[in-house]
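Whenever a hint applies, use it, and build me the whole structure from the sequences.
Residue numbers 1 to 381, in our numbering, belong to the letters of the sequence shown in order.
Be aware that a few hints might be false.
[Unchecked claim] Between beta-carbon pairs, the in silico distance windows are:
# : residue 1 : residue 2 : range
1 : R136      : Q36       : 22 to 28 Å
2 : D121      : P90       : 29 to 35 Å
3 : A236      : P157      : 35 to 41 Å
4 : I4        : R32       : 37 to 43 Å
Hints were generated in silico from the structure; no laboratory data involved. Every residue gets a Cβ at the ideal spot worked out from N, C-alpha and C, and that includes glycine.
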Amino acid sequence: MNKIINWMGGWPKDGLVSAADWEERLAHAAERFRQQGISGSAGPEESDDLKTVLARGLLRGKAEGRIGRLKLTPGADAALSLLAERSWRPGDVVLVERLTSRSALQTFRKAGLRVEAVQGDGAGVDPDALKKAISRHRPRVLYAAPACTDPEGAVWPEDLVRSVTAVCRETGVLMLRDDRHEMLAYHGDAGEAGIRLASVPEGVLSIGQLPPGLVAELRFGWLAGEEETLKRWYPAARGGEEVPAEPGVTPLERQALADLIRDQPLEPLVDMLRVQCGERMRRVTALLGQQRMRGLGWRNPDGGIHLWLKLPEGLDGEALLRGAWIRGLMFQPGAPFYAAQPEGNTLRLTFAFSDERQLKTGVSRLLEAIGDFVGRSTDFG
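Here it is in structure tokens:
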């Protein structure tokens with residue numbers, strides 16, 4: 001079999017800050033802790049040092065300089081799981097877009113939550129449909145990713161974000177924004193610099209993380225919001241039992257990351273990664289477009305690391321995966337990304353960590369696998 005090209009997702013092994021560099025920083029932090037008599041796996045739950053660095057720098061758009069607006073987590077998925085464990089009970093209703101994050105749906109269902117889809121037009125939730133859904137289902141939370149959706153990579157219009165936020169505030173429903181890809185919004189221009197992070201108003205919580213491919217082997221995320229909102233939805237006790245404020249983020253990792261940011265601010269690296277993702281997205285869509293395969297379509301994403309494809313009618317993503325795997329390509333079939341009425345002729349490609357050779361080979365294998373099913377061959381060099 002050919003060497004597998006994995007476009008299913010996951011975490012890249014290396015990053016712009018290399019694995020060797022990160023390991024060296026962890027070692028330096030461990031030595032400092034040893035000299036001070038501090039354990040690298042124990043210590044104060046709150047890391048004011050790292051939070052201060054983040055609140056005044058990379059996350060100033062979220063924290064507004066206040067460390068009380070941040071809770072640190074080992075990644076965005078962990079933040080979502082922690083909220084589900086601490087804030088909601090089995091049977092509670094969470095509203096989502098019909099097409100939404102597969103991992104979020106899995107988290108909600110594992111927690112025993114009832115997931116209900118809200119009507120939208122592919123560019124966000126319809127505010128009128130949201131009002132009707134809230135009246136009908138009495139939900140605890142609306143989960144959405146207006147800064148960059150998964151799997152489509154769409155960015156909601158700003159006026160729609162304001163309207164949906166207002167509906168949630170008026171009805172007392174938490175708006176939970178999954179902003180994990182917000183730093184990777186393309187802005188429509190590969191050369192346009194600058195990280196744009198939306199503020200987090202009252203009644204809203206934002207989940208985020210350092211983008212994959214930034215710091216090798218580090219999964220680091222956060223919850224951000226007004227302090228009162230955090231206290232309400234992220235309690236310090238569960239059933240009368242005290243729980244860690246920031247589980248899974250060790251003092252050693254926090255110290256090493258704080259030192260890294262002081263020595264090497266992350267904003268230029270994030271900007272570099274964003275431009276790289278945008279260039280690779282354009283390259284993948286150009287390669288797909290060269291074949292002009294009937295029935296194959298996509299919407300160019302506004303950001304992120306994924307490309308969402310619509311397959312020729314009658315071709316199922318699960319079946320195609322089996323055929324593509326034989327040729328040496330893996331991806332995510334699309335049906336599990338739907339909260340309701342799944343469409344099987346869809347799939348998600350996570351292309352952002354592939355070099356030029358892998359992009360060309362991966363697209364070639366995909367088109368050849370599709371050709372096997374639709375009765376035509378493709379020859380892609």
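Now the hints, each set against the structure:
1. R136 / Q36: 22 to 28 Å: violated (57 Å)
2. D121 / P90: 29 to 35 Å: holds (32 Å)
3. A236 / P157: 35 to 41 Å: holds (37 Å)
4. I4 / R32: 37 to 43 Å: holds (41 Å)
Consistency note: the structure conflicts with earlier hint 1 alone.
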